[in-house]
Amino acid sequence: EAGVAQSPRYKIIEKRQSVAFWCNPISGHATLYWYQQILGQGPKLLIQFQNNGVVDDSQLPKDRFSAERLKGVDSTLKIQPAKLEDSAVYLCAGAGVADTQYFGPGTRLTVL
Amino acid sequence: GESVGLHLPTLSVQEGDNSIINCAYSNSASDYFIWYKQESGKGPQFIIDIRSNMDKRQGQRVTVLLNKTVKHLSLQIAATQPGDSAVYFCAEGRGGSNYKLTFGKGTLLTVNP
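Protein chains in written order, with the numbering used here: chain A, 1 to 112; chain B, 1 to 113.
Extracted from the complex, chain B is given alone in its bound form (with noise of 0.2 Å):
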């Protein structure tokens, strides 16, 4: 069936180290790729996006890459912060305009001081 899935469940590092969360997809199909970032208590904050015609972006102390050939998703977060620690969700669309997410089950990121 179709999934959006996280190799790790859970990810410690130390303040200003960098973090890399990983997220493995198995729909050929899905064509718009999104990281969010949800904090306890808080909605899902977006991070980054990536379309399939793509294999990297970057944003502020953040990087996405997309490696269709073995359907992986990685989002890498420069000189991790202590406010960086939260669950990471990496997401999945596809179906042209107004995208239907299915979102994988999520990364927790703890920075330690």
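Looking at chain A on its own, in the form it has when it is part of the complex (with noise of 0.2 Å):
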């Protein structure tokens, strides 16, 4: 069975770029996650979604932060402007039935 895919692994932009990251969970996951891991904490919650639908971006800075999941499969995180405290790994999970949550690598995130 094959993991969660991210990409890209590492990017480094300046501030006020834009970025985007990109997550594909695994097969039938219905849910998804994005975290934003800043170092040396644990991963912070940015926006659940089940299947296509948002469930929860209550903590999703919406100023310049937005995802998206159109088909219910894979997912796509942007940040336009990038700010340098928006410097960190981010997460994506994803869940089926069994509630567990799987973790892809992250991608780290450099701002300038």
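Misleading hints may appear alongside valid ones.
Straight-line Cα separation of at most 30 Å, DSS-like style, residue types lysine-lysine; simulated pairs [to be verified]:
no.	chain 1	residue 1	chain 2	residue 2
1	B	71	A	44
2	B	105	A	15
3	A	15	A	44
4	B	71	A	78
5	A	11	A	62
6	B	42	A	15
With the C-beta cut set under 7 Å, the calculated list includes, among others, these residues of chain A facing chain B [stated by the list, open to error]:
no.	residue
7	42
8	45
9	96
10	98
11	99
Partial chain A-side listing against chain B, Cβ under 7 Å, derived [what the hints assert, rightly or not]:
no.	residue
12	43
13	100
14	105
In short, the hints are calculated from the structure, not lab data.
All C-beta atoms, glycine included, are put in the ideal place defined by N, C-alpha and C.
Assemble the dimeric complex from its two separately framed chains, guided by the hints.
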């Protein structure tokens, strides 16, 4: 069984630029999560999808962050414009009926 | 406020010893708890989970204990190996199906050969 795929693995941009991250969860996992993990901290939930609908985006900074999962499979998280404090690892996780969340390797974003 | 925290930020053990990593949670409404292992440069890897109707659950070399009275969770690793060196996170969940997890800061486990 293939794991959760994320790309790119690393990204370096300058502040005020835009960036997008892609995630493809394990096949059949209807629930998809995006997390932000700042160095030295635990992951923090940004947004949760159930199929192609948003379940919870209460912690997503909507003035600059957006996410979509149009066909209920893969998902894209975008930041526009990026700020220095957005430097973090962005993790994607998927879950099936058993609730356990399986994480991808993450995208490490550095904003200069 | 709601929080999930860890008693010890770092833990150093000798290879072959047993390790115990502790976690405190504050939300009595949480009904699902999970431990993840995160190695450098990788995403969190599922270790074991437990629901609030259980006190103990065992896996391969790992045991999770849940004490709801004092809102405490622990992860026991038997015969710790160098490959167990990583940051360990506990997380709490609530909300029926499709849990939203709240993570603690993590404990760095170092296994000395």
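Was the hint right that residue 105 of chain A lines chain B, CB cutoff 7 Å?
With a minimum Cβ separation of about 5 Å from chain B (threshold 7 Å), the hint on residue 105 of chain A holds.
Does the closest beta carbon of chain B sit nearer than 7 Å to the beta carbon of residue 96 of chain A?
This interface hint is violated because 10 Å lies over the 7 Å limit.
How about residue 42 of chain A: closest beta carbon in chain B under 7 Å, or not?
Holds. Min distance 3 Å.
Hint check: 7 Å Cβ-Cβ cutoff, residue 45 of chain A to chain B:
6 Å, holds
Would you mind confirming whether the straight-line C-alpha gap from residue 71 of chain B to residue 78 of chain A stays at or under 30 Å?
37 Å, violated
Holds or violated: residue 11 of chain A with residue 62 of chain A, Cα cutoff 30 Å?
21 Å, holds
Given residue 100 of chain A as an interface hint, is its Cβ closer than 7 Å to any Cβ of chain B?
Hint on residue 100 of chain A: holds, closest Cβ of chain B at ~6 Å, below 7 Å.
Just to be careful, I want the Cα atoms of residue 105 of chain B and residue 15 of chain A compared with a cutoff of 30 Å; is the pair within it?
Roughly 27 Å separates the two Cα atoms, so the pair holds.
Given the hinted pair residue 42 of chain B and residue 15 of chain A, is their Cα-Cα distance within 30 Å?
Holds: residue 42 of chain B and residue 15 of chain A sit about 25 Å apart, inside 30 Å.
Taking 30 Å as the top limit, are the C-alpha atoms of residue 71 of chain B and residue 44 of chain A close enough?
Given that 30 Å is the threshold and the Cα spacing comes to 21 Å, the pair holds.
Would the hint on residue 99 of chain A be counted as holding, given a Cβ-Cβ threshold of 7 Å to chain B?
5 Å, holds
Regarding the pair residue 15 of chain A and residue 44 of chain A, is the alpha-carbon distance no greater than 30 Å?
22 Å, holds
Going through the hint list in order, the structure does not satisfy hints 4, 9 and 10.
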